[in-house]
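Asker: The primary structure of each chain is shown beneath.
Protein chains: 2
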Amino acid sequence: MDLQFKLTKDFIEEIQELIASDNREAVVNSLNKLHEADIAEILDVVSMEEAKYIFRLLEDERASDVLVELEEDIRLKFLKALSAKEIAEQMDNMDSDDAADIMAEMPEEKQEAVIQQIEDPQQAIDIASLMQYEENTAGAIMGTELICVNENWTTDQCIEEMRIQAEDVQYIYTVYVVDNDKRLTGMLSLKSLLFAKRGTLVKDIYIENVRSVNSDESTEEVASMMQKYDFVALPVLNPDRILIGRITIDDVVDIIQEEAEKDYQMASGISENVESSDSVFALTRARLPWLIVGLVGGVLGAKVIGLFEVQLGQFPEMALFIPLIAAMAGNVGVQSSAIVVQGIASNNIDLSGIVGKLFKEFRVALLNGIVCAILIFLFIFLVDSDLKLGLTVGLSLLAVIIFAGIFGTLVPLLLHKRNIDPALATGPFITTSNDVIGLFLYLYIGYLFYF
Amino acid sequence: MDLQFKLTKDFIEEIQELIASDNREAVVNSLNKLHEADIAEILDVVSMEEAKYIFRLLEDERASDVLVELEEDIRLKFLKALSAKEIAEQMDNMDSDDAADIMAEMPEEKQEAVIQQIEDPQQAIDIASLMQYEENTAGAIMGTELICVNENWTTDQCIEEMRIQAEDVQYIYTVYVVDNDKRLTGMLSLKSLLFAKRGTLVKDIYIENVRSVNSDESTEEVASMMQKYDFVALPVLNPDRILIGRITIDDVVDIIQEEAEKDYQMASGISENVESSDSVFALTRARLPWLIVGLVGGVLGAKVIGLFEVQLGQFPEMALFIPLIAAMAGNVGVQSSAIVVQGIASNNIDLSGIVGKLFKEFRVALLNGIVCAILIFLFIFLVDSDLKLGLTVGLSLLAVIIFAGIFGTLVPLLLHKRNIDPALATGPFITTSNDVIGLFLYLYIGYLFYF
Numbered sequence: 001m002d003l004q005f006k007l008t009k010d011f012i013e014e015i016q017e018l019i020a021s022d023n024r025e026a027v028v029n030s031l032n033k034l035h036e037a038d039i040a041e042i043l044d045v046v047s048m049e050e051a052k053y054i055f056r057l058l059e060d061e062r063a064s065d066v067l068v069e070l071e072e073d074i075r076l077k078f079l080k081a082l083s084a085k086e087i088a089e090q091m092d093n094m095d096s097d098d099a100a101d102i103m104a105e106m107p108e109e110k111q112e113a114v115i116q117q118i119e120d121p122q123q124a125i126d127i128a129s130l131m132q133y134e135e136n137t138a139g140a141i142m143g144t145e146l147i148c149v150n151e152n153w154t155t156d157q158c159i160e161e162m163r164i165q166a167e168d169v170q171y172i173y174t175v176y177v178v179d180n181d182k183r184l185t186g187m188l189s190l191k192s193l194l195f196a197k198r199g200t201l202v203k204d205i206y207i208e209n210v211r212s213v214n215s216d217e218s219t220e221e222v223a224s225m226m227q228k229y230d231f232v233a234l235p236v237l238n239p240d241r242i243l244i245g246r247i248t249i250d251d252v253v254d255i256i257q258e259e260a261e262k263d264y265q266m267a268s269g270i271s272e273n274v275e276s277s278d279s280v281f282a283l284t285r286a287r288l289p290w291l292i293v294g295l296v297g298g299v300l301g302a303k304v305i306g307l308f309e310v311q312l313g314q315f316p317e318m319a320l321f322i323p324l325i326a327a328m329a330g331n332v333g334v335q336s337s338a339i340v341v342q343g344i345a346s347n348n349i350d351l352s353g354i355v356g357k358l359f360k361e362f363r364v365a366l367l368n369g370i371v372c373a374i375l376i377f378l379f380i381f382l383v384d385s386d387l388k389l390g391l392t393v394g395l396s397l398l399a400v401i402i403f404a405g406i407f408g409t410l411v412p413l414l415l416h417k418r419n420i421d422p423a424l425a426t427g428p429f430i431t432t433s434n435d436v437i438g439l440f441l442y443l444y445i446g447y448l449f450y451f
Numbered sequence: 001m002d003l004q005f006k007l008t009k010d011f012i013e014e015i016q017e018l019i020a021s022d023n024r025e026a027v028v029n030s031l032n033k034l035h036e037a038d039i040a041e042i043l044d045v046v047s048m049e050e051a052k053y054i055f056r057l058l059e060d061e062r063a064s065d066v067l068v069e070l071e072e073d074i075r076l077k078f079l080k081a082l083s084a085k086e087i088a089e090q091m092d093n094m095d096s097d098d099a100a101d102i103m104a105e106m107p108e109e110k111q112e113a114v115i116q117q118i119e120d121p122q123q124a125i126d127i128a129s130l131m132q133y134e135e136n137t138a139g140a141i142m143g144t145e146l147i148c149v150n151e152n153w154t155t156d157q158c159i160e161e162m163r164i165q166a167e168d169v170q171y172i173y174t175v176y177v178v179d180n181d182k183r184l185t186g187m188l189s190l191k192s193l194l195f196a197k198r199g200t201l202v203k204d205i206y207i208e209n210v211r212s213v214n215s216d217e218s219t220e221e222v223a224s225m226m227q228k229y230d231f232v233a234l235p236v237l238n239p240d241r242i243l244i245g246r247i248t249i250d251d252v253v254d255i256i257q258e259e260a261e262k263d264y265q266m267a268s269g270i271s272e273n274v275e276s277s278d279s280v281f282a283l284t285r286a287r288l289p290w291l292i293v294g295l296v297g298g299v300l301g302a303k304v305i306g307l308f309e310v311q312l313g314q315f316p317e318m319a320l321f322i323p324l325i326a327a328m329a330g331n332v333g334v335q336s337s338a339i340v341v342q343g344i345a346s347n348n349i350d351l352s353g354i355v356g357k358l359f360k361e362f363r364v365a366l367l368n369g370i371v372c373a374i375l376i377f378l379f380i381f382l383v384d385s386d387l388k389l390g391l392t393v394g395l396s397l398l399a400v401i402i403f404a405g406i407f408g409t410l411v412p413l414l415l416h417k418r419n420i421d422p423a424l425a426t427g428p429f430i431t432t433s434n435d436v437i438g439l440f441l442y443l444y445i446g447y448l449f450y451f
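Line order of the protein sequences matches chains E and Y.
Following the numbering used here, the numbering of the first sequence begins with 1 at its first residue and continues without gaps.
Following the numbering used here, the numbering of the second sequence begins with 1 at its first residue and continues without gaps.
It is possible that part of the hints are untrue.
Capping the alpha-carbon separation at 30 Å, the derived lysine-lysine pairs in DSS-like fashion look like this [claimed, not checked]:
1) Y:K52 x E:K228
2) E:K203 x Y:K33
3) E:K417 x Y:K6
4) Y:K191 x E:K191
5) E:K6 x Y:K77
6) Y:K360 x E:K6
7) E:K191 x Y:K357
8) Y:K303 x E:K303
9) Y:K417 x E:K357
10) Y:K77 x E:K360
11) E:K33 x Y:K191
12) E:K417 x Y:K262
13) E:K262 x Y:K80
14) Y:K360 x E:K77
15) Y:K33 x E:K228
16) E:K228 x Y:K9
17) Y:K80 x E:K360
18) E:K262 x Y:K357
No lab work stands behind these hints: they were computed from the structure.
Given the sequences, and given the hints that come with them, work out the whole structure.
Answerer: Quick look at the structure:
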């Protein structure tokens, strides 16, 4: 099988026709070759009735995998349509972390009903305890399925025990080693286990000093650590250093991407995590707050221009370049804040301190500002033959670029120092502030020149 | 060992003092506990002389891992200081994909000299052949280290063969199964291998139908596939379907993040992949192009205002809201284009076609526009008691928001259709175009109202 399945309109129409003619066999055949993630994509776009028809045709294991892969809003509709018993059956087949995530999406009464119907008591306990962890912590994203051996066992005992434990575990990744008190002491590579002589003791071949996290560690820290050290799995400990779960790379990949996308969305003035397939209302709600910030900025800008109304009446050519100054102030602010925010997000090491960073930004802005100022001066001087206006616009542009660059650097750094997400300062906030202050600088410099 | 190591100014100063007093033992001791990625971070910030001092103290395996983790510009300086023979020794210890990447950073003459000095002939051949693949293809990021067994072997034969192959492989992840012609037929889970009875044939327990990619597949497709299907490793085939390498999740995590960061940087008007630690010159060069685009937009904006100079002279209060209109046009364009670009990047399924997407954006923009228009109308009417100005600004704002939203949606969709990176259309380009067109709409509507 090559590459990913790409959902097409034709494929959907074909499936819908098969469903309409109740041709179960043909539907099963077209789904057979597909990965659960692909089937979830189909369920995301067909009607609820059609989705249920497809879902009922899936084998148990596959049905629960599809449920995990569904978009949250579609899954919610599905869960509403299923009885507590039916949901509990799916939960029995899922990894505990996925089950706990889905459980958290349901109303509380339904949660209790479902938990009571889960057949495997250990699975019920695991899910219930995972639901206790706060959002965005290691505990909330870890799974309890893991392979764990005692340091005093022989490798033969290990393989025997692992055979039992492995039933619940989809991928082994790593075998963790614990002492008699269940405290994590290290890990055992499958390589060394596979190639060890019979009777070898675990304690003689395991790797000590394995990195781990506490269950209350932030997911951001977990993601950055796994990425930096190229881990595929990371053990999670409780405060007594007892091994309680593991986080796998596939969960972290999604967090890394969400983190990067969130910063991008904030920089674009989108306040909630939305996708183009979300409802018109959700999309509007995510965008309106920052538009209102922009509106307030625009009103303040009007006030600033109002301050210089008399002078603008005498020299109306000054008004021509108001949008240029405002736009450049915004652009520079967005650029400089994006670089700071990405640097903070990727833990880019820079020990120079705030003053050092501001001085560096000053030099970048100075260079950019000089080039832009000369260009606009030459344009106004040569095309409009207006020396005074050229000098005013050029000099103010230089001042505005330097100010906007430093402001765009300083604000996210200060927010980060106060433990506020610096990405808040990118996009509309920086653009709007820089617009208003840039306008003031321009009109004030013009005032000095002309009066 | 918990969490990641955080580099501090104090730690660096301590190391630098130890180096200054030539206290090798103490330096080795402080480095002993650190991961190679952490040591690379230290080398990135100390002076070149100090970095070389530290590098020489590292054991062979560790030295080559540190070299892989270094920032590219620091590594280049390092490679210049090392002889071809010294580099070849490091290359012998590296994974073939890392070695090929680093090789590609060196000038051609040095490449040849290094290849000839690599001791293991297979490693030299692997590196040389990996260097043939085009950038951003599966071939260029795959490693040749993998474990591969014949479908006709018994599990005992497998373990014997794997013992030999595993010497070069850091993590096993998956055991690939091939036929007698080395064509990929499936994979063998370590779980089933570990628990199989003696004498079992591979063909009786392996998993058929494993997804794979061709070596010329794009890294973007590889990353999206591994993320969607939660793969930790993906086999790479040549056109004859012969297994030639594998791509591991750790390489893909970096690609996913870079992809997301690149879109964010483009949206912020940064044209090259830069970090805050880059030189002032590199940062300026990455930012200047989009500033000049903004400058051209500003000049066009001046021309638009110039068209209405007479009217603005008669009704100067219109000028007050020029920055508001321009800013809102820019903000809406950035929002709508960001949603389209992220949707395209994350393969968000939406089969509605371009017209459907535009109609959806129209509804979102209409809602946002009505709210903003009413707010600004009320403000101008109630505070400035100017009904005519309030109506003009409110109505133009509505028109501008709708236009900007549709334009911001349409442009990236069209670029994507023509196989141009849609992220190009976010940020300064959209902002600037919307600024200019928004201004025109505003002044033209004002003209209709006032004359």
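Asker: Would you mind marking each hint as holding or not holding in the structure?
Answerer: Verification of the supplied hints:
| no. | hint | in the structure |
| --- | --- | --- |
| 1 | Y:K52 x E:K228 | 23 Å, holds |
| 2 | E:K203 x Y:K33 | 21 Å, holds |
| 3 | E:K417 x Y:K6 | 16 Å, holds |
| 4 | Y:K191 x E:K191 | 12 Å, holds |
| 5 | E:K6 x Y:K77 | 45 Å, violated |
| 6 | Y:K360 x E:K6 | 23 Å, holds |
| 7 | E:K191 x Y:K357 | 52 Å, violated |
| 8 | Y:K303 x E:K303 | 24 Å, holds |
| 9 | Y:K417 x E:K357 | 41 Å, violated |
| 10 | Y:K77 x E:K360 | 23 Å, holds |
| 11 | E:K33 x Y:K191 | 24 Å, holds |
| 12 | E:K417 x Y:K262 | 25 Å, holds |
| 13 | E:K262 x Y:K80 | 40 Å, violated |
| 14 | Y:K360 x E:K77 | 23 Å, holds |
| 15 | Y:K33 x E:K228 | 16 Å, holds |
| 16 | E:K228 x Y:K9 | 20 Å, holds |
| 17 | Y:K80 x E:K360 | 28 Å, holds |
| 18 | E:K262 x Y:K357 | 22 Å, holds |
Hints 5, 7, 9, 13 from the earlier list are contradicted by this structure; the remaining hints agree with it.
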